[in-house]
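Kindly generate the complete structure, drawing on both the sequences and the hints.
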Amino acid sequence: MEGPVFKIKKDPRITRIGLFLRKWSIDELPQFINILKGEMSLVGPRPLAKEEMAGYDLWKNIRLTAKPGLTGLWQIYGRPTGKFGDWVKYDIAYVRSRSIFLDIKIIFLTLFAVLSKKGAC
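At position 14 of the sequence shown the residue is numbered 13 (numbering that gives the first Met the number 0), and the sequence of numbers has no breaks.
For the record, the hints were derived by calculation from the structure and aren't laboratory data.
Note that the structure is a prediction, hence the values are computed from the model and not measured.
Every residue gets a Cβ at the ideal spot worked out from N, C-alpha and C, and that includes glycine.
It is possible that some hints are incorrect.
Okay, derived cross-link-like pairs now, DSS-like style, lysine-lysine, Cα gap no bigger than 25 Å in a straight line [what the hints assert, rightly or not]:
| no. | residue 1 | residue 2 |
| --- | --- | --- |
| 1 | Lys104 | Lys82 |
| 2 | Lys82 | Lys36 |
| 3 | Lys9 | Lys22 |
Simulated restraints, written as ranges between beta carbons of each label pair [said to hold, decoys possible]:
| no. | residue 1 | residue 2 | range |
| --- | --- | --- | --- |
| 4 | Ile13 | Thr80 | 19 to 29 Å |
| 5 | Leu108 | Leu47 | 19 to 29 Å |
| 6 | Arg15 | Ile99 | 17 to 27 Å |
In structure tokens, the structure reads:
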């Protein structure tokens, strides 16, 4: 992945079990605790560390107007490309056009992406 957030295609630090968990997005399940606590939403921009948003003030200010989410447009459309610019584009598009109907569409498409392992490590 390009930009301040990166993933190594065949990361040697990931065990076989870890690869299985990531491939099926099981590693995301603990975030449901954050959703139940009200710290996250089911749909929204993915949470990032402050260091990962450094130098992106306009994008940061736009994306922080929405609660971070477990899934979003980038997870279904941009994840396979690995381009940070796509991540920015999809986060801004989501924040500017969010609605209950868009959230339902994203949830449905996320289920399809997870089951098809689209863009998984």
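Going through the hints against the structure:
1. Lys104 / Lys82: 22 Å, holds
2. Lys82 / Lys36: With a Cα-Cα distance of about 31 Å, the restraint between Lys82 and Lys36 is violated, given a limit of 25 Å.
3. Lys9 / Lys22: Satisfied, since the Cα-Cα distance of roughly 12 Å is no more than 25 Å.
4. Ile13 / Thr80: 19 to 29 Å: Holds, at about 21 Å.
5. Leu108 / Leu47: 19 to 29 Å: Holds - the Cβ-Cβ distance for Leu108 and Leu47, about 22 Å, lies within 19 to 29 Å.
6. Arg15 / Ile99: 17 to 27 Å: With a Cβ separation near 39 Å, Arg15 and Ile99 fall outside 17 to 27 Å, so the hint is violated.
When the structure is compared with the earlier hints, violations turn up for hints 2 and 6 and for no others.
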